[in-house]
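Using full-length UniProt numbering, you'd call the opening residue of the sequence shown number 1 and step up by one each time.
Hints listed in this document are in silico derivations from the structure and should not be mistaken for laboratory results.
Computed from a predicted model, the values in this text were never measured in an experiment.
Note that beta-carbon positions come from the ideal geometry of N, C-alpha and C, so glycine has one too.
A portion of the hints provided could be inaccurate.
Here are the simulated lysine-lysine pairs, BS3-like style, with alpha carbons at most 25 Å apart [unchecked claim]:
1. K16 with K45
2. K168 with K134
3. K16 with K134
Simulated DEER-style distance windows between Cβ atoms [stated by the list, open to error]:
4. E127 with E104: 24 to 34 Å
5. M182 with E75: 52 to 62 Å
6. Q129 with S86: 28 to 38 Å
7. W34 with R179: 39 to 49 Å
8. R179 with P38: 36 to 46 Å
9. A20 with Q131: 11 to 21 Å
10. D176 with L102: 54 to 64 Å
11. D180 with G26: 27 to 37 Å
12. S173 with Y147: 15 to 25 Å
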Amino acid sequence: MHAFISHNHRDKPDVKPLAARLRLLGVDVWLDSWEIRPGDSIPGKVNEALGLVDTVMVFWSVNSSTSAWVNTEWEVALTRRMRDNSVRVIPIILDDTPLPPLLEPIMWVSLADGDVDRAARELVGVESQAQLLKLMQQTVEESGLEYRYFEGFGVIVGCPRCGAPSSKLEGWSAVDDRRDDMYAGVRCGQCGWDEGGEI
1 MHAFISHNHR DKPDVKPLAA RLRLLGVDVW LDSWEIRPGD SIPGKVNEAL
51 GLVDTVMVFW SVNSSTSAWV NTEWEVALTR RMRDNSVRVI PIILDDTPLP
101 PLLEPIMWVS LADGDVDRAA RELVGVESQA QLLKLMQQTV EESGLEYRYF
151 EGFGVIVGCP RCGAPSSKLE GWSAVDDRRD DMYAGVRCGQ CGWDEGGEI
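Input sequences plus hints: build the corresponding full structure.
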């Protein structure tokens, strides 16, 4: 699946977690903030993507219902669908804003409850949470990424500041004897970046 994410920028906090899950499931996701770089023509990039994808996911909300961009994107997708049936259009409901009449008869997915994993399962046809996690793990393993887990931070593939691989990162721990608290985290041996928290 090569999916275009049509959404209003104010809904990005709801959209990005699902887009990231879909990427972990092997979906080729086109999201503006991941694909458009400074100096790019925004209409040109959007137009190019809408012509290449096989799925357009329309994240529908009160914000998107008044967005000229979102309305243009789903109208272009529906026109392509009616012309040659080369694209699927999937409405993804973020709140109780009614769908436009042309999108109403299309099977939709709800994200109004915030259950990102359930929505991802519905979109890719995975029945259980266990299956979803197995597919994500398989994608990570097949990617060949070197990743490590650091207590106090979590999983990391590289330094967020300089891009050093996880082999250049080292874990640390410390105790605050006065408060009897333990802290841990990760430090980059290349640039000195350091982050962690109480454990």
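Verification of the supplied hints:
At most 25 Å may separate the alpha-carbon atoms for a hinted pair to count; K16 and K45 meet this at roughly 19 Å. Between K168 and K134 the alpha-carbon distance is near 28 Å, which puts this suggested pair outside the 25 Å criterion. With a C-alpha separation of about 21 Å, the suggested pair K16 and K134 falls inside the 25 Å cut-off, and the hint holds. For the pair E127 and E104, the supplied restraint of 24 to 34 Å holds, since their beta-carbon distance comes to about 27 Å.
Taking the beta carbon of each, M182 and E75 are about 56 Å apart, inside 52 to 62 Å as hinted. Separation of Q129 from S86 is about 32 Å and conforms to the stated range, judged on CB atoms against 28 to 38 Å. The hinted window of 39 to 49 Å between W34 and R179 holds, with their beta carbons roughly 41 Å apart. Distance hint for R179 and P38: a CB-CB separation of about 45 Å, consistent with the stated range 36 to 46 Å.
The given range of 11 to 21 Å is respected by A20 and Q131, whose C-beta atoms sit roughly 18 Å from each other. A C-beta distance of roughly 60 Å is found between D176 and L102, which places it inside the suggested range of 54 to 64 Å. For D180 and G26, the hinted distance range of 27 to 37 Å is not satisfied, since their beta carbons lie about 46 Å from each other. At about 20 Å, the beta-carbon gap between S173 and Y147 stays in the expected band of 15 to 25 Å.
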